[in-house]
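K.L.:
Residue-level listing of the chains:
Number of protein chains: 2
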Amino acid sequence: MSTELLARLRKVVSADRLLTDPQALAAYSHDDAEWADFVPPLAVVRAASTEEVAAVVLIAASTGVRIVPRGAGTGLSGGANAVADSVVLTLELMTEILEINPDERYVRVQAGILNDSLRRAVAVQGLWYPPDPASYKISTIGGNIATNAGGLCCVKYGVTRDYVLGLKVVLADGAVVDLGRRTAKGVAGYDLTALLVGSEGTLGIVTEATLKLLPLAGRENRAVAGYFADLVDAGNAVAAVSRAGIIPAALELVDRTCLQAVDDWQQLGLSQEGGVLLLASVDEPGTRGEELTEELHAIFTAAGATKAERSLSAEHAEELFLARRLAYPALERLGPVLTEDVCVPRTAVPEMLRRIEDTARRFNTKIANIAHAGDGNLHPLIIAPVDDDGAKSRAKDAFDQIVADALELGGTTTGEHGVGLLKLPGMLAEFSPRVIALHRSVKAALDPQGVLNPGKAFPA
Amino acid sequence: MSTELLARLRKVVSADRLLTDPQALAAYSHDDAEWADFVPPLAVVRAASTEEVAAVVLIAASTGVRIVPRGAGTGLSGGANAVADSVVLTLELMTEILEINPDERYVRVQAGILNDSLRRAVAVQGLWYPPDPASYKISTIGGNIATNAGGLCCVKYGVTRDYVLGLKVVLADGAVVDLGRRTAKGVAGYDLTALLVGSEGTLGIVTEATLKLLPLAGRENRAVAGYFADLVDAGNAVAAVSRAGIIPAALELVDRTCLQAVDDWQQLGLSQEGGVLLLASVDEPGTRGEELTEELHAIFTAAGATKAERSLSAEHAEELFLARRLAYPALERLGPVLTEDVCVPRTAVPEMLRRIEDTARRFNTKIANIAHAGDGNLHPLIIAPVDDDGAKSRAKDAFDQIVADALELGGTTTGEHGVGLLKLPGMLAEFSPRVIALHRSVKAALDPQGVLNPGKAFPA
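Heads up: the sequence lines are chains A and B, in that order. Residues in the first sequence are numbered from 1 upward in steps of one, following full-length UniProt numbering. Residues in the second sequence are numbered from 1 upward in steps of one, following full-length UniProt numbering.
The reader is advised that the hints may include incorrect statements.
Treat identical chains as interchangeable: a pair holds within one or across any two.
Cross-link-like lysine to aspartate or glutamate pairs, in silico, DMTMM-like; alpha carbons within 25 Å at most [as the list claims (entries may be wrong)]: (1) 212 to 132; (2) 307 to 291; (3) 212 to 92; (4) 392 to 32; (5) 212 to 405; (6) 212 to 351; (7) 156 to 132; (8) 212 to 283; (9) 156 to 220; (10) 212 to 408; (11) 156 to 283.
No lab work stands behind these hints, which were simulated from the structure alone. Just so it is clear, the structure is predicted and the values come from calculations on it, not from any experiment.
The shape of chain A in the complex, shown without the other chains:
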């Protein structure tokens, strides 16, 4: 299989973009979810165009090989981990901006462009692409689309799907189709665009996207930081914000373990201020922004904040969010991180965090919590020391327990990272057998041979 495959690939892909050396195969064999299974692929193709993607898919389909598409490989669920007899097809070289249209407020890009590059390019023309996964500096738009990535501001501005107007897609037999539209509205036919978003490369390979933009103007950045003694007080503050009818541009929670890890690294003294840090940002301009910031400050104080602080400038607002930005890298210094992504009803956040504390104790494992508290999306970060197989096994058990608890509280197994491989058991527990069967039917309709990223996104 491998010899014929490589001979045919060489005819359509130039040698410098067809990788077969063991180091390259290893480097492209998994995304950031090393905890999930992977094997080295047969080859790696660094595609340069939609036509090339189509040609490679056609070759795979006719030689019985599977395609594992990927962008920057920053996924956290194993969606881009290589499977047996697969070619990893990376779109990281396809980074072109094809059109920025300020009048219609959309941008057309190739899928391999980094979220941040897109963001900067449209900002020059006074436009804003809201979806801001924490990985925005290193993740591609194609990857964001494949996982329907969320982020911090999605509590107010929605997720990736809400900004995808149209897609160019390579189907499982190598055909190229244009889905969706460029107009602001449109309901012609099934929403195949929305079906493709979040399908993790199992139904088609997105090579280009038309993305809706918002005006950059009319927004100002303000922030409120509140330290709380414990999760219950912080949880009450979150509930009170919701009850006041305020939708902040972000509402993030950083727990004691994170604060401690940041302090151990950067000596900011954050963990002395309180046990839990709640960060809200407001982007309404002028007096309206001032009012909302005041209101949030008052709510934090009334909920028992041991300290509450308003930003005095846009720079200060950025500074207040420093602990949030440093938390993940600070924790990664402690050992491999297994990242959770459950989402629970907003009001269940304190109970869920309490259960996570229990789970950490019960399984004798270290768990830090970053949470998009405003929408109930929690990222418990389970840390196992390097080369400690026992700890690794206990981390996996804790991971399963957290999913089970989230489902029991009316939540979902994945809020924004995707199912990939790590969340297959969670998805099986979340949906009825018939809903899982519907996934199989849709997959069979679009990819009858199972060429595209088999075994991902839903339990086969």
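Take the given structure of chain A and dock chain B to it, following the hints.
P.N.:
Relative to chain A, chain B alone:
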């Protein structure tokens, strides 16, 4: 077929909700798109529960009968028109509100509830359901979901799909599934919820929906009205609003023919003020709202408005929109209205309106224009006098010409009404054969026997 069918239906549906008399069959044989084909159904079932819907679908599937689901029958594309050998299954009696959850900001309802009833019920708890199709007082949430209904405020707040978190659906074999979630975020598996939204009852019958809500608080209603000499000036004003980075809560255009029809009916003297009326609404509160209203007023004036007016109170803002609300009923007084629904790029609105004027002349037919100018969604209303077959035929030709022009300008055949039957040719022209084939594959995957609303939503 009919005898066995009725005998079996009588076992699961009580007699008062199983209609077979010719008058009832005629009344339920079509929606508001009488221009499209329809035949009387074999029977009408006014379903009372999800279980009953499931039982009826199962009977249909096993007797070779088709199901045409419907809500209030206010559709404008023929999506609910009865087909041969069909049972019309109306959900209009299923109007219950199952849960209003202010903390999580969602509502769970049965599909037959009117948009307006839902809107009022959640308002009592300080919550707001944004999607506001012009039919909101008479259309059901189930119908809104089936067509992915838009409305006036969707230019700022999005369409129905953006508010559907989860669905209870009866599948083509009578199985009942729960799709989606109740949490604010979630990406587990394919977005089957989004696939069902806008699928016009061809993939499943939505019996319950969980809908995301926004806080009612923090919004104030202001409006700006501008009269323009012609479409070019009004079009320039729309483009200038977009370029200023302002997204109004609504931006509506009402043309001379509409203004004249309103005047002929209500003697408001609107048509004396100018040729085209542009209406913008702003919902930011306080000084921010004042500022934006001023800015819009200045933009309208700079674009050459012959008269521009700001609202002085919320009531006055409502009054300024009176012409928009009266336009459709005023036109219906002139004869049967064939309603268009093309959507073009914002900047193409003036050119599209110019072409529509040409079309009216060329086909010797009366066409009035209401447009959601802010998102390029136009509703040319083609009016044919009663019992004038020649006029009716010319109206249909004009309808086709408008779709052709919209596609040529980079638009879509339907912005918010759905494909139904009337837009099948438009959809065929808009998408490639392979994209149409994808629709067929998805339909075959979910409804292999073709039980649910066959022949609608995409060309078979």
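K.L.:
Now tell me, hint by hint, if it's right for this structure.
P.N.:
How the hints compare with the structure:
1. 212 to 132: Classified as both; 14 Å inside a copy, 21 Å across copies.
2. 307 to 291: Answer is within: at 19 Å inside a copy they meet the 25 Å cutoff, but 35 Å across does not.
3. 212 to 92: within (22 Å within a copy, 36 Å between copies)
4. 392 to 32: Within one copy only: 16 Å inside, 62 Å across.
5. 212 to 405: between (36 Å within a copy, 23 Å between copies)
6. 212 to 351: Answer is between: at 23 Å across copies they meet the 25 Å cutoff, but 37 Å inside does not.
7. 156 to 132: Both: 12 Å inside a copy, 20 Å across copies.
8. 212 to 283: both (19 Å within a copy, 22 Å between copies)
9. 156 to 220: both (15 Å within a copy, 19 Å between copies)
10. 212 to 408: between (36 Å within a copy, 21 Å between copies)
11. 156 to 283: both (10 Å within a copy, 16 Å between copies)
Hint check: no violations occur; every hint is consistent with the structure.
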